[in-house]
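J.: All chains, please: the whole structure from these sequences, using the hints.
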Amino acid sequence: MSNSLHALVGLLDDALGAEDDVRPRLDDSALMLLWAGWAGVAGEALSDGDSARRVFETVGRRLAPIPVREAYVADAALGGSGDRQVVVGGLQQLDAAVGTLSSGKVTGVVELVPFADLAYEIVVHVQGDSESAIVSVPRDQTSVHVDRMRTYDECGRPCRVVFDGASGVILAEGPDEVDRLIGLMGSRNRAALASEAAGIAAAVVDQSVRYAKHREQFGRTISSFQAVQHLLAGAWARSHTLAASSDRVWRLRESSGIDGDRYATIAYLYVCRELLGVVETAIQVHGAIGYTQEKPLHSYLKRALTLIGAAGEQRDLLVEHGRAVVGGARSHVA
Amino acid sequence: MSVQSMKSEQADRAELERFRAGVVAALSSLQAPAFDGYWVDHVPTLQRWQQTLFEAGLVGVAYPEQFGGRGLTPLHQAVVDEEIARHNLPTPIGGPGLDVAGLVVVRHASPDMAERLIPALLSGRELWSLGFSEPGSGSDLASVSTTAHRDGDDFVVNGGKIWTGFAAYSSRLLLLARTNVDVPAHRGLSLFVVDMKTDGLTKSTVHEMTGEPDAERTQFYRLTFSDMRVPASAVVGELDRGWEYLLGALSGERGLYILRRHAELRAQFTTLLQAFDINDLSPGQLEDVARIDVLLQVLHAQSESTVARALEHPGESLPEDSADKLFFAFVDQELHHLAIDLLGAYRGTQEMTPSGADAHKLSINYLYSRAASIYSGTDQVQKNIIATRKLGFPRV
Numbered sequence: 001m002s003n004s005l006h007a008l009v010g011l012l013d014d015a016l017g018a019e020d021d022v023r024p025r026l027d028d029s030a031l032m033l034l035w036a037g038w039a040g041v042a043g044e045a046l047s048d049g050d051s052a053r054r055v056f057e058t059v060g061r062r063l064a065p066i067p068v069r070e071a072y073v074a075d076a077a078l079g080g081s082g083d084r085q086v087v088v089g090g091l092q093q094l095d096a097a098v099g100t101l102s103s104g105k106v107t108g109v110v111e112l113v114p115f116a117d118l119a120y121e122i123v124v125h126v127q128g129d130s131e132s133a134i135v136s137v138p139r140d141q142t143s144v145h146v147d148r149m150r151t152y153d154e155c156g157r158p159c160r161v162v163f164d165g166a167s168g169v170i171l172a173e174g175p176d177e178v179d180r181l182i183g184l185m186g187s188r189n190r191a192a193l194a195s196e197a198a199g200i201a202a203a204v205v206d207q208s209v210r211y212a213k214h215r216e217q218f219g220r221t222i223s224s225f226q227a228v229q230h231l232l233a234g235a236w237a238r239s240h241t242l243a244a245s246s247d248r249v250w251r252l253r254e255s256s257g258i259d260g261d262r263y264a265t266i267a268y269l270y271v272c273r274e275l276l277g278v279v280e281t282a283i284q285v286h287g288a289i290g291y292t293q294e295k296p297l298h299s300y301l302k303r304a305l306t307l308i309g310a311a312g313e314q315r316d317l318l319v320e321h322g323r324a325v326v327g328g329a330r331s332h333v334a
Numbered sequence: 001m002s003v004q005s006m007k008s009e010q011a012d013r014a015e016l017e018r019f020r021a022g023v024v025a026a027l028s029s030l031q032a033p034a035f036d037g038y039w040v041d042h043v044p045t046l047q048r049w050q051q052t053l054f055e056a057g058l059v060g061v062a063y064p065e066q067f068g069g070r071g072l073t074p075l076h077q078a079v080v081d082e083e084i085a086r087h088n089l090p091t092p093i094g095g096p097g098l099d100v101a102g103l104v105v106v107r108h109a110s111p112d113m114a115e116r117l118i119p120a121l122l123s124g125r126e127l128w129s130l131g132f133s134e135p136g137s138g139s140d141l142a143s144v145s146t147t148a149h150r151d152g153d154d155f156v157v158n159g160g161k162i163w164t165g166f167a168a169y170s171s172r173l174l175l176l177a178r179t180n181v182d183v184p185a186h187r188g189l190s191l192f193v194v195d196m197k198t199d200g201l202t203k204s205t206v207h208e209m210t211g212e213p214d215a216e217r218t219q220f221y222r223l224t225f226s227d228m229r230v231p232a233s234a235v236v237g238e239l240d241r242g243w244e245y246l247l248g249a250l251s252g253e254r255g256l257y258i259l260r261r262h263a264e265l266r267a268q269f270t271t272l273l274q275a276f277d278i279n280d281l282s283p284g285q286l287e288d289v290a291r292i293d294v295l296l297q298v299l300h301a302q303s304e305s306t307v308a309r310a311l312e313h314p315g316e317s318l319p320e321d322s323a324d325k326l327f328f329a330f331v332d333q334e335l336h337h338l339a340i341d342l343l344g345a346y347r348g349t350q351e352m353t354p355s356g357a358d359a360h361k362l363s364i365n366y367l368y369s370r371a372a373s374i375y376s377g378t379d380q381v382q383k384n385i386i387a388t389r390k391l392g393f394p395r396v
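Just so you know, the protein sequences line up as chains G and U, in that order.
For the record, in the first sequence the residue sitting at position 100 is 100 according to this note's numbering, with numbers rising by one throughout.
For the record, in the second sequence the residue sitting at position 8 is 8 according to this note's numbering, with numbers rising by one throughout.
None of these hints come from the bench; they were simulated from the model.
Backbone N, C-alpha and C fix where the C-beta goes; we use that ideal spot for every residue, glycine too.
Certain hints may be false.
Claimed, not checked - Listed next, the stretches of chain U that the computed footprint assigns to chain G, with coverage defined by at least 3 CB atoms under 8 Å from CB atoms of chain G:
{"hint": "1", "region": "69-82"}
{"hint": "2", "region": "297-306"}
{"hint": "3", "region": "353-364"}
{"hint": "4", "region": "389-395"}
Stated by the list, open to error - Calculated Cβ distances over 12 Å to all of chain G for the following chain U residues:
{"hint": "5", "residue": "8"}
{"hint": "6", "residue": "12"}
{"hint": "7", "residue": "32"}
{"hint": "8", "residue": "56"}
{"hint": "9", "residue": "237"}
{"hint": "10", "residue": "290"}
T.: See below:
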């Protein structure tokens with residue numbers, strides 16, 4: 001384990017307690033402390049693909065209640081590597097502008113922006129008078145209003161952000177440059193999501209295996225029932241595949257950027273397909289206690305609900321991808 | 001993984017890619033046989049194709065050089081199989097004999113026996129059948145009840161086998177029989193190499209669902225042994241150790257199969273899509289197409305992790321192999337659900353659709369996909385393996 005990843009695990013241990021009893025609810029000052037601590041080591045921790053994979057798998061496994069992924073994505077636009085306390089507005093659909101830019105001022109409303117109330121800057125895609133732009137808007141100005149939105153996801157902290165003629169720094173202008181940045185941010189987001197999901201799947205399977213070996217019913221542990229064994233063997237196999245997919249994303253990003261970007265979308269779509277099912281199986285194995293907040297499984301399920309839409313809606317992406325696949329096969333014939 | 005082992009893996013991967021390039025070059029210079037219909041009607045043609053592949057150094061690459069192989073690893077063979085599938089070429093027809101029987105012989109039989117049998121197996125001149133499963137012993141293979149009793153210089157075999165492939169064509173049978181009833185079930189089994197023309201051996205067809213109902217030749221046969229006499233020299237290795245020998249070969253069969261299956265399924269998917277016009281597909285069908293592409297790409301990702309595992313643990317059978325088997329069986333069946341959906345009312349027919357899709361072939365492929373979660377260990381057996389060997393649950 002690299003020193004910086006070790007530091008992240010240490011930060012999470014201190015803030016959250018043991019993995020088996022993850023409690024991602026922290027007060028604001030503890031969150032800021034944790035985020036600032038992470039920002040101090042993020043540059044090194046995310047400096048290469050294999051380290052980044054481990055970081056995001058840890059973020060998922062430990063339900064890290066800070067926007068590690070969102071800051072990493074924002075820094076694609078800022079030219080850094082996740083070491084600033086910055087987030088992105090409209091991350092779920094980056095190609096849609098969330099406001100307007102006129103005379104250097106940003107106006108508009110964007111919802112579901114994670115941690116916008118604690119971030120120093122918010123990166124948004126806006127439409128200018130003649131062309132679109134990517135702008136970084138400092139939060140600490142009277143023309144930026146941030147309200148917390150309600151959620152079951154204890155790690156998400158979504159906010160509604162109103163820009164009312166806010167000042168900002170233009171990071172990119174014009175379709176080519178804006179598309180390039182959107183591509184960079186989207187690819188980072190999906191790659192990180194693939195690994196975050198792999199971490200969640202591994203965590204809930206591990207916890208369920210331990211639970212099944214301990215929980216007794218009908219005079220024996222439930223792990224001795226084949227019905228339970230097969231549920232968990234299937235869930236483990238699916239988590240193994242999510243891990244293989246996570247690994248491939250970062251390998252490809254290192255060896256071939258374009259292939260890595262393409263595969264990031266595939267990996268994200270696979271997450272959308274499988275993640276909920278793995279967590280739901282873990283809850284099923286736990287029985288009634290899995291339905292409560294006595295165990296951390298409910299937190300993983302609520303996190304999974306957020307993640308499967310965090311880089312675009314599956315159905316839209318599938319139709320678009322389906323067209324490309326069929327078109328590709330036909331052109332191969334021609 | 002240590003830095004040293006990462007470097008070693010990178011070097012091994014580079015060597016493997018150089019080998020792959022050589023395989024691709026060799027394949028591109030070969031002329032594959034063209035044939036229509038079900039493979040069981042074209043066995044001699046496919047035997048000649050295996051001979052061609054053998055002469056190009058592409059059959060039995062993991063077999064020792066002294067027997068006609070190239071002395072490389074099962075991973076190298078898996079790369080060859082993957083490239084054959086990727087190039088949409090017929091796989092060597094001697095598959096079960098090559099993947100299982102021959103490996104048992106070279107690992108455990110006497111050198112004389114191996115030298116006598118293996119060259120003909122590799123070249124395709126002789127096909128082998130596997131005599132393991134019985135009507136009462138499927139997933140629970142250790143419970144086989146076919147017996148072999150010593151009688152002078154011979155063993156006398158009684159019992160029966162089922163799911164024996166190639167029996168109409170094969171020259172030899174690798175037979176698993178009980179030779180000792182006084183020890184636990186899996187310790188009293190032995191392997192024999194049996195001439196398929198031996199007196200007392202009779203065969204009858206078992207019609208698989210992909211065949212014609214009244215076909216003379218089929219993929220599977222039922223074998224019956226009535227006082228069949230087999231010489232003691234036909235025993236492979238030591239008596240009563242057949243289970244142990246077999247397990248090693250069967251786990252190898254399962255471990256790297258994902259590479260070839262991924263390539264075969266990708267080729268089938270491409271062929272399927274080429275038969276349909278994008279304008280004929282509904283948004284829902286486009287979604288389904290995308291879902292299959294996602295599954296195939298993730299299957300490729302998983303096959304890469306399998307390669308890494310094979311490089312790190314050469315020759316070992318690991319529970320991750322069972323996860324591979326579960327996943328490619330699932331992808332196979334999902335792909336063929338898409339195929340029968342796209343066929344519309346032509347699904348299940350033996351006709352061409354108006355758009356030019358071969359409903360006959362696609363229907364056969366769909367039917368065959370139902371076997372994916374059954375052959376080489378059912379899904380349930382794979383989950384048992386994961387549950388006990390990976391998750392540490394008790395045997396049920």
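J.: The structure should be examined with respect to each hint, and the outcome stated for every one.
T.: Verification of the hints:
no., hint, result
1, 69-82, "violated (count 0)"
2, 297-306, "holds (count 7)"
3, 353-364, "violated (count 0)"
4, 389-395, "holds (count 5)"
5, 8, "16 Å, holds"
6, 12, "15 Å, holds"
7, 32, "19 Å, holds"
8, 56, "26 Å, holds"
9, 237, "33 Å, holds"
10, 290, "4 Å, violated"
In summary, the structure is inconsistent with hints 1, 3, 10 from the numbered list given earlier, while agreeing with the others.
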